[in-house]
Amino acid sequence: MTHIVVLGSTNMDLVTYVAKAPQRGETVTGREFRTIPGGKGANQAIAAARAGATVSMIGAVGNDAYGMRLRETLEHSGVDTDFLRTVEGPSGTAHIVVDDEGGNAIVVVPGANGTVDHLSPGDEGVIATADTLLLQLEIPPAAVVAGAQAARRHGVRTVLTPSPVRPLSPELLHAVDLLVPNEYEAVTLTGRTDPREAAAALLDLVPEVVVTLGATGCLYLARGAEPLVIPAPHVTAVDSTGAGDTFVGTLAVALAEEKPVREALSWASAAAAISVQRAGASVSMPYRPEIEAQYSA
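Once you know that position 141 of the sequence shown is 141 in UniProt numbering, the rest is easy, because the numbers rise by one and skip nothing.
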């Protein structure tokens, strides 16, 4: 089986559902509150495992009730947590407001994720066994760079989701094979407002770029290849939280299985389309038979 390693965050998502998100200084009444295991790292790990890969998670949880539940959720989805360490203090949390149009606003409090500032003994060894390493930016930058460089030393494909968006160092970019920003992140990183122009600018920095465009689909650029625009399936969104992570985790599996790029992007788009029709992040992520059915539809 394809082996995916994820170096990243685990958070408990504290989700409030409202008709319309509050403006600054405004108080609104929500209709529902839920605690849902998440974090961009854990989400991508679960998405990849449900899509059919063997997945190992590198990161940290706190020694609190959230930490126990986060670990259990990963294991229930088939993710290996041998490299997910438990540290003193609280687990990471994400405070999310979801409106009736499926949009969201998120505040992340790192908690235990803030302790993941280096590779621990054994981490490089498991990265070396992977087909792909998935990275995000919800843990300290030093660990992200160390993970990417370890992957490069061992010939492992590295996929980076630049979220939450921040300037990317040359040492990190040098070790990234595929960059997957959303439209906002691409614009922020490049200052270009047109997605094609933003993707082209990013292509000067890394060999491959996928810009996700929400309900519109995604745009793929690679050096020496024609751009691809992949439309998203037409669905009614309930909650877009975790859709990008679903896309990335599923795409990593498809590419590691050597699916053609167009097919891999369409397969990942099908998975993301399923996820937005369900509430929550990790709990909304589809299993492989569901993805295959949506892709074939």
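One should not assume that every hint holds.
Lysine to aspartate or glutamate pairs mimicking EDC-like chemistry, simulated, CA-CA at most 20 Å apart [said to hold, decoys possible]:
1) Lys259 / Glu292
2) Lys20 / Asp131
3) Lys20 / Asp64
4) Lys20 / Glu32
5) Lys259 / Asp177
6) Lys259 / Asp204
7) Lys20 / Asp99
8) Lys259 / Glu290
9) Lys259 / Asp131
10) Lys259 / Glu197
It should be emphasised that the hints constitute simulated quantities derived from the structure, not laboratory data. Fair warning: this is a prediction, and the values are worked out from it, not measured in the lab.
Tell me if the straight-line CA distance from Lys259 to Asp204 falls inside 20 Å. It is violated: about 25 Å lies between the C-alpha atoms, which goes past 20 Å.
Hinted pair, alpha-carbon criterion (20 Å max): Lys259, Glu197. Please report holds or violated. 27 Å, violated
With the threshold set at 20 Å, check whether the alpha-carbon distance from Lys20 to Glu32 stays at or below it. Holds. Lys20 to Glu32 sits at ~13 Å (cutoff 20 Å).
Holds or violated: Lys259 with Asp177, Cα cutoff 20 Å? With a Cα-Cα distance of about 17 Å, the restraint between Lys259 and Asp177 holds, given a limit of 20 Å.
Given the hinted pair Lys259 and Glu290, is their Cα-Cα distance within 20 Å? 18 Å, holds
Quickly compare the C-alpha distance for Lys259 and Glu292 to 20 Å and report which way the hint goes. Cα-Cα ~13 Å, so holds.
Would you mind confirming whether the straight-line C-alpha gap from Lys20 to Asp131 stays at or under 20 Å? Cα-Cα ~42 Å, so violated.
Are the Cα positions of Lys20 and Asp64 separated by 20 Å at most? 32 Å, violated
Does Lys20 pair with Asp99 here, judged by a C-alpha cut-off of 20 Å? Holds, at about 5 Å.
Hey, Lys259 versus Asp131, does the alpha-carbon distance stay inside 20 Å? It holds: about 14 Å lies between the C-alpha atoms, which stays within 20 Å.
In the structure shown, a violation is registered for the earlier hints numbered 2, 3, 6 and 10, in ascending order.
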